[in-house]
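Participant: Chains as they are written, first to last, in my numbering: chain L, 3 to 286; chain B, 99 to 372; chain A, -12 to 383.
Derived from the structure by calculation, the hints contain no laboratory data.
Accuracy of the hints is not assured; some may be wrong.
Taking lysine to any residue and the SDA-like style, the derived pairs with C-alpha atoms no more than 20 Å apart in a straight line are [said to hold, decoys possible]:
| # | chain 1 | residue 1 | chain 2 | residue 2 |
| --- | --- | --- | --- | --- |
| 1 | A | Lys219 | L | Val73 |
| 2 | L | Lys105 | B | Arg110 |
| 3 | L | Lys58 | B | Gln223 |
| 4 | L | Lys112 | B | Ile107 |
| 5 | A | Lys132 | A | Val108 |
| 6 | L | Lys200 | B | Arg103 |
What the simulated footprint calls covered on chain A by chain L, stretch by stretch (three residues with Cβ under 8 Å from a Cβ of chain L suffice, anywhere in the stretch; the number is not a length) [unchecked claim]:
| # | segment |
| --- | --- |
| 7 | 96 to 102 |
| 8 | 224 to 234 |
| 9 | 364 to 378 |
Glycine included, C-beta positions come from ideal geometry on N, C-alpha and C.
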Amino acid sequence: MSRRLAKLFHGRPRLQVGALLAGPASWLVVGYLGSLALLLIASLWSVNAVSGELVKDFSFENFEALFDEPVYRTIIGRTVLIAALVTLTDAMLAFPIAFYMAKVASRRAKAALVVAVLIPLWSSYLVKVLSWRNMIGGGGLIDWALEPLGLDGPGFGNVAVWLVMSYLWLPYMILPIFAGLERIPDSLISASEDLGAKPFTTFRRVILPLSFPAVVAGSIFTFALTLGDYITPRLVSNNQFIGNVVFNNISNNLPFAAALALVPIVVMVGYLLVARKLGAFEHI
Amino acid sequence: MRLSRRSTILLRVAVGAGLAFIYIPLLVLGIYAFNSSRILEWPPPGLTFEWFPKAIESTARDAFWTSIKVGVAATAIALLLGTLASLAVARHRFFGRETISFLVVLPIALPGIVTGVALNNTFTQVFGIDLSLFTVIVAHATFCIVVVYNNSIARLRRMSSSFEEASADLGATTWQTFRFVTLPNMRSALGAGGLLAFGLSFDEIIVTTFTIGAGEQTLPYWIFSNLFRAQERPIVNAVAVLVVLISIVPVYLAYRLTREDAGDGVDAEATAVP
Amino acid sequence: MRTRQENPARTAWIIVGGLLAAMVLLAGCGSSNDESTSGNELQKLGKGEGSLNLINWAGYVEPEWTKPFEQKTGCKVSPKVAGTSDEMVQLMRTGEYDGVSASGNATARLVEGGDVDPVNVSLVPNYKTVFSDLKNQPYNTFDGKPYGIPHGRGANLLMWNSDLVTPAPKSWNVTLDPKVASKNKGKISQYDDPMSIAEAAVYLKMHNPDLGIEDPYELNEEQFEAAVQLMKEQRSLVGEYWSEAEKQISSFASGDIQVGTTWQYQYFLLKGEGKPVAASPASQGFLPEEGATGWSDTWMISSEAAHPNCMYMWMNWIIEPKANAQVAEYFGEAPAQELACEQTENPNFCTEYHAEEPNFWKRVYYWKTPLADCGNGSEDCKDYNDWVQAWTSIKG
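Using the sequences and the accompanying hints, generate a full structural model.
Facilitator: Right, dumping it as structure tokens:
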């Protein structure tokens, strides 16, 4: 039986491709993309305020509402800004660690560091946020540590969200940069040094440009994960992010929630296209 | 790379600070798990072991096993689909090849709430099926595919296809080549991918909230339900600590698996997340 | 040769794309899935099905009265606590629950959406002795048919930390009047729900009579803008918006919050832990001078209930005199069952909670779904969607 199948596929690469792709393609394209497309369509509908039934007449009123009411621009702006800040922060925090792991640490230290970076990934997201909520809240660790210095903790709010998100997504930035740096052959660096470059120049003109795509790859996750999160803003701030408003509107006004959800979709698709151009997809 | 002594020290300090940043909240969490009072204040008034047995006996245990079931099923599906897709992309040229990489990343790059709402909408409105563990598994598999795909494609790209061609020249069928040549070499990449996929599924909360049935609970869902209940809080902390401790095993396994093939040092690409 | 190799793949993509388009068309143009049921009430009570899935407010389904129920009927209860009416409506719409303890701002939506069935009160013997001013109310009776069994009623409380907030407040101005509330800046706790706009309307009804607010849920443009403006001014003073009762409890306990709107559930739990909290005393009728928003909750049965017999048994049990007395005393609200007053541990409970005084409840404005129909002939009141949008703007 398997010989028969093998004969069928042999020499017919396109059939092989077809068979290989049938599963994933149907799942992803029909199942996932289809669901997204449905959501898109839903954004053009509206809802009966009392019964909650979908009114399937097409109109742009949801998008008009998004543009007219200034609060939505504030919320989108806030979310995108924090996402960008978190990405920058994580890039700056991750690079030294990844660099040390890739180029300076001994074999054993490197292995230990990889494990050390991976373990927090496996700790529950919720519990990590809760731990931060405890630390930031009144009487928590941060207030207690800053007290002798006479300073106040940041309290709940945008700063807290930025801190916690930077914390949560840091491993997602470290690992791709680490992988990217490892791929830079040591011979290139030695060559640069042999040609008389100081370490900083080597770093600036050889290492940084070569590892940039990896940084972009990591940034995809820090940006995307921040853009859509609603649990962290809810737990450590009173401010609304895109995810919160979508979540609040899903039950009684799905079309409006869908319209707002389109914003991060558009942003991320754009971001992904740019990232692909920059070569980041080789590094995910 | 040769660095000045000063640079090396600065670098070490930066790494130390980074690791401290990563681990302090976890340590605080660990300490709270032994907190004798139910109210969270720093420093904790006393220490006790009582929460751990309570954690093991609580409903968290059912939630834990549900999470395991979902994770295993989702990982299995992701392994299958991810491997198929990576084989197609790495070994063949065809129309739409670039798009596959893009498509595969989407479920993870788009906000969880978007994926959750979209899938929920499709399940309940289009297919008219009830939410259940099955729908959760489907949802999880969708964003786990990319992890397996990335790991196996990295491996396939490094593996030259000359082995497979040699095997074919020696008279093996496609299936035999796959089974005896390709698969063994991919084993560790698949293992690492599978473990990372499992980790993703195990910790996922947002998509799960939208696709889970009424009576079921995964562990993150359980944690979320009990997050603010003052009586349950210390137990939640204890559960969290237990999860971290248990997870050290698969993390170590993943690391060992990726070392195996690379021989020397850690295979950085295979650990690439997510 | 090259083109021939690419074509089959292209064909495959086209097929997949076609499947996709078909699915989208099917969903987009098909008729709506949720058809309203014709409102069938159960005709005859059968045997219990062995389990029961409920959606309820915190503190409504406690072991004290749930365990005896399970023993008596064999119906194992699985409660799901929800923090807001919106959550309850959303959960009910999934059709996976048997019943819900709905407040007035959920009942109309559930009935309109076909998510609940009318209740055949002849199958609920204890209903006969429910307080008469809880029957046939606009929030539990639709089209002349009863749609649920009353659980109890209460008012939203003003709670404060008695050590930190002095003198004891007698009015909502400590959270709503910017001049007075600024003393509690950053320490105010407000319920995270569009219904909170009604609290501002209740306040303005007394302090800004020119607006002519009668019913805090029926607000025209001018009245609505005024209430929304007040809540916007409150925003900068709010320490937290809560929807999980437990979240508010932990904030009061840790001192992050010192005053705010709450339910009896949190108040009694905090008192039980020995925390220095206080609320408007019985001498003031448990209410600040303006009155308060409140609720009168109704147990409703899902139109897709998988365990209707168990649900009817539950509805009868919850207004069983002993059980309803336990319910009322545990939570701290007025019971729905007349005969419960003889069963309370505190013999003066019903008197203290004004259970038998219809006039008292005139100062409590039960939660209600805002509709465009103002009830006095005009149709220019703000509806629920407006309230939700406004609430998003208020929180910023």
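Participant: Does each hint hold? Answer for all of them.
Facilitator: Consistency of the hints with the structure:
1. A:Lys219 - L:Val73: 12 Å, holds
2. L:Lys105 - B:Arg110: The hint holds at about 12 Å.
3. L:Lys58 - B:Gln223: 13 Å, holds
4. L:Lys112 - B:Ile107: 17 Å, holds
5. A:Lys132 - A:Val108: Judged against 20 Å, a Cα distance of about 10 Å means the pair holds.
6. L:Lys200 - B:Arg103: 14 Å, holds
7. 96 to 102: Coverage by chain L holds here, the residue count being 4 at a Cβ distance below 8 Å.
8. 224 to 234: holds (count 4)
9. 364 to 378: With 5 residues in contact (Cβ-Cβ under 8 Å with chain L), the coverage given for the segment 364 to 378 of chain A holds.
In summary, this structure violates none of the numbered hints.
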